[in-house]
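**Q** Chains as they are written, first to last, in our numbering: chain Z, 10 to 577; chain D, 99 to 275; chain C, 799 to 1120.
Certain hints may be false.
One side of the interface only, derived from the structure: several residues of chain D facing chain C at Cβ under 8 angstroms [what the hints assert, rightly or not]: (1) I127; (2) G137; (3) T141; (4) T147; (5) P149; (6) V150; (7) T151; (8) R153.
Everything labelled a hint here was simulated from the structure, so no lab data went into it.
Just so you know, these numbers come straight off a predicted model, no measurement behind them.
Just so it is clear, CB atoms sit at the ideal spot from N, CA and C, and this is done for glycine as well.
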Amino acid sequence: MSFPGLTGESNQIKLKELDPRFRGDDNIVIMNAEEIKSELNPILHPENVAVSDYSKTGFHIEATVSPDQILPVVRFLRKKEFFLEQITGADFKETFQLSYQFNRFDQTLRVILRLKQPWNEYQVPSITSIYAGANWFEREVFDMYGIQIKNHPHLKRLLLPEFCNFHPLRKGFKFEGDSVQDVNRAWELEQEAEQKISSTVLESHRRDYFVNMGPQHPSTHGVLRLLLHMDGEIILEVDPVIGYAHRADEKMGENGNYLQFTPYPSRVDYLAGMIYNWGYVGTVERALGIELTERCKYIRVIVSELQRLASHLLWYGAFLMDLGNFTPFLYCFQDREEILDMFELCDGSRLTYNYFRFGGQERDLSPEFLDRARKFIPMLKSHLKDYEQLVAKNIIFRKRTEGVGVITKDLAIEYGVTGGALRACGIPYDVRKSEPYGIYDQFQWDVPTKTGGDAYSRFQVRVQEMWQSLRILEQALPKIPEGPYNNPQAPKRFKPNAGEYYFCVESPRGQMGIYLISDGTENPYRIKMRTPCYNNLEVISPIGKGHLLADVVCILGSLDIVVPDVDR
Amino acid sequence: MTKRFSGPLSLVSGHLSMKENMFKTIKEIILGSWSILVGMFITAKWMITRPVTIRYPYQPTRPSPVHKGRIRFVIFPETGTHDCIACLKCENVCPSDCFKIAGEKPAAGGQKRPTLFTYNFSTCSLCSLCIEVCPTKTLEHSPEFNLASGDKAIFFYDFLKDTEERREKQDAATLNR
Amino acid sequence: MAFNEMIHEAIQILIWAVGVIAFVTVNALALVYVERKVSAHIQRRLGPMHVGPHGLLQTIADAVKLVSKEQIIPKNVDKFLFLIAPILAFFPVLVLFVVMPFAPNLIVRDLNIGVLYVFSFASMEVIAIFMAGWSSNNKYSLLGAMRSVAQVISYEVPLLLSVLSVILMIGSLKMSEVVQYQDKIWVIVLQPIAFIIFMLGGIADTNRAPFDIPEAESELVAGFHTEYSGMRFALFFLAEYSNVFLVSCAATALFLGGWYGPFVNGVHWFLLKVYALVFVIVWIRWTFPRLRPDQLMNFCWKILTPIAIINLLITGLVLKLV
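Can you build the whole structure from these sequences, using the hints too?
**A** Structure (structure tokens):
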């Protein structure tokens, strides 16, 4: 079955264009965990490195490192082209722990390095010289825990305002601030900073200036502030300032039990609510070892692919609206209305869902839902063909997006870019193919990949993803098996064994994962959400340089950022 | 200028000869104009199709049967009232602390019944966890969807009072039939 | 007697002036409604339906709302320029309708240099936009104003070159003669390229999409009129729509045969053609994304201007040979 590509080519990218290591071919095993462990032996003590069971924990290699071993290990991993997934902090009362997570694009080989230090000796070296994308992760660890990072280029708070003098994710934390006082203090700090900038400008008669694409802006997709350092119309530097939508989801996770955290991941990225729901529920299911029934897996896949279509339709409209074309926004929203009506039939809500439970669903899919889904697919196909004529082949659109915001493979590795932005650089990494969950491995579908790395390639990749989602839906809908939608043997009380678990899914924006540290009680000890937009937004700093102001809007739109996803 | 400006302007085809450049530009103009005309035809096609707007207050619209509105007690037809036993399971499971419940066993004996049952809709995230843990299945979602008010106090429901009012309205409706 | 004639003349001028102002304002209001309805149907929705039957009174309601708004003048603006800019934006438009050939007997003043008059005043709005952007004391407004000035000034060149080819053919600058030349055949048949260049230049001159970088809502909030609210904003708004109407009127007079049409010639054909062009302009706005500023300039100087010059040369050559 072939689907019309944008220029008539088939969806499978010509293999010889790709770096042979990134072919995604299952038969080529580049390296396995034992090999990596043996190569780490000269750097780390062999007792500290262990190959762990992937199906139980989600990691392939777990290693304990000390602060002076961190840099050599990370350098080794960088040489082997592992990408940085996330850096997590955790507070174990007398000690703190930093977990560095790395993975590969061509095959799944998750390495976690754990650094445990007592609190009064916290001097952790920064790895930003090796992985530039660690910048934000280390700033967040400093912000939330107060862990000092040595040699960080600019260690200041990331999510909380600069005047805060507390570190919220520590275990003994209690908030005792006064909000009015804080607002005044924030204003004072802003004025100081402004005076510093303006005095330097006046002194040296520079012609460059700073513009805030401020928190309130029609096209920053949420409350995101981009501090632009500009010269005329050319951007010299882009500095995203985040934290305006921070809602302390991770702290809320620690304060309740596993069931109580279920609605929250959907609210983090509200455009991919069902998929984030699966991400969290899947983590606990992996930790508890709960199996899913066949019907449940089919339901989850169908609902996830519909959610992916809805999210991409909204991105399509919003991206074009940023570029000035208001019409496709409304066309795509009308298509999205169909999907939201279907979700209202299965879950009861149109945007903020809570459909998945540990071991199954909240309720079964109704026959009306399946009927509407079947009718929806051909309608969307004809609409997508129309939009292609209207938008993708339009000369103005192509001129606006070609060559803008090019992400190279090195940048993708250092910043941990995933999702459509990565597949536009020529790397066919998709969690549904690398770490299959549900029944994705039983369907015939491709991972759309382009090699341009620019905004136009990202656009094309996402449009092709919509076609592939339709393909999966067409295969899944006729084959839904009868049976229970809930696992009758699922436990009623959720108490995973003490340990660390990781599970990830492919959200429309990239790899979304939940890293869970459990201490054997009914409340999670630490939940960290690995959100794709966090890494994707960080990469705007290096790629935004040298463009015009109009291009920054285009880059931001093509990266598909949802700001609460960045701030959690 | 070119060194600092590494953006798309540097992609201007300085590496092509003048003749190639001119042909490229002319081809672009022709193909571009054609794409513009095609785009305009698509919009014209959509212009003459029927608008999809449902003019909400003047035309009826109904949510789905499983729509998640605010939480309320089920009025069981057999007893004509709710069946809450004040076990506090919903209060414990709610992630947003929406419930405040107090109950006691009546002096005459029988099940424990609630004396205070308030629900704060302004913090509810409609996750349905309370409905699922309830042992007597006495909570449900209301199908109301147009709850809007300028006064926050309206969203602090007292379920006992609310159930009474609904029961009276139901009785009045059956009487009027 | 001369005094009597002068009074006669003065009253005539007054009536015409009032008529023109009324016509332009009512037209602008109608255009706003037309744009909203056409854009709504392009986007598969209904547009204004509530105020009046099918929303016909919507613009009047909007005008009432804008008039009743609070007059906000931000603190650090350049007061004189801030207050003058909207008036200066609206005023040239009114003045230009004096030479428009609506019908053989409906031209207010058929000046000998009608065409020159139209395009010289059209450049005045540049000053108004720049005043608005500069006096607002706001980086966004200044950026928008600078872009707009660059755009309008640049696009005047191909615009005027295309008009020049038409005038070369016709041989007179008088508007009525320009229209009378087209009684047998419309100029658009003889000069299709000039028509396209004129339309593109006209759309760019009025800061409309796809050339609406100065008011790019998704980038600079609202460009040079960010700081204006209430009636001042309404003046800018009306000025833009009247400009669109003006460009269409000029195109009709120059290219589409003015008041000529099958059966009965007259002002109805003129208005019909003008509104058809307005519809096309609105249609183009809602179909395409906007161009980036450097692409805009590129398009003007490297593509439109050479084509306009070549067109002029060809016209001259053909006129010499024929």
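**Q** Work down the list of hints and note, for each, if the structure agrees.
**A** Taking the hints in turn, this is what the structure says about them:
1. I127: With a closest approach of 7 angstroms, the I127/D hint holds.
2. G137: 5 angstroms, holds
3. T141: The hint holds - T141/D has a Cβ within 8 angstroms of chain C, the shortest such distance being about 5 angstroms.
4. T147: Holds. Min distance 7 angstroms.
5. P149: With Cβ-Cβ at 5 angstroms, under 8 angstroms, it holds.
6. V150: 5 angstroms, holds
7. T151: 5 angstroms, holds
8. R153: The hint holds - R153/D has a Cβ within 8 angstroms of chain C, the shortest such distance being about 7 angstroms.
Checked against the numbered hints above, the structure breaks none of them.
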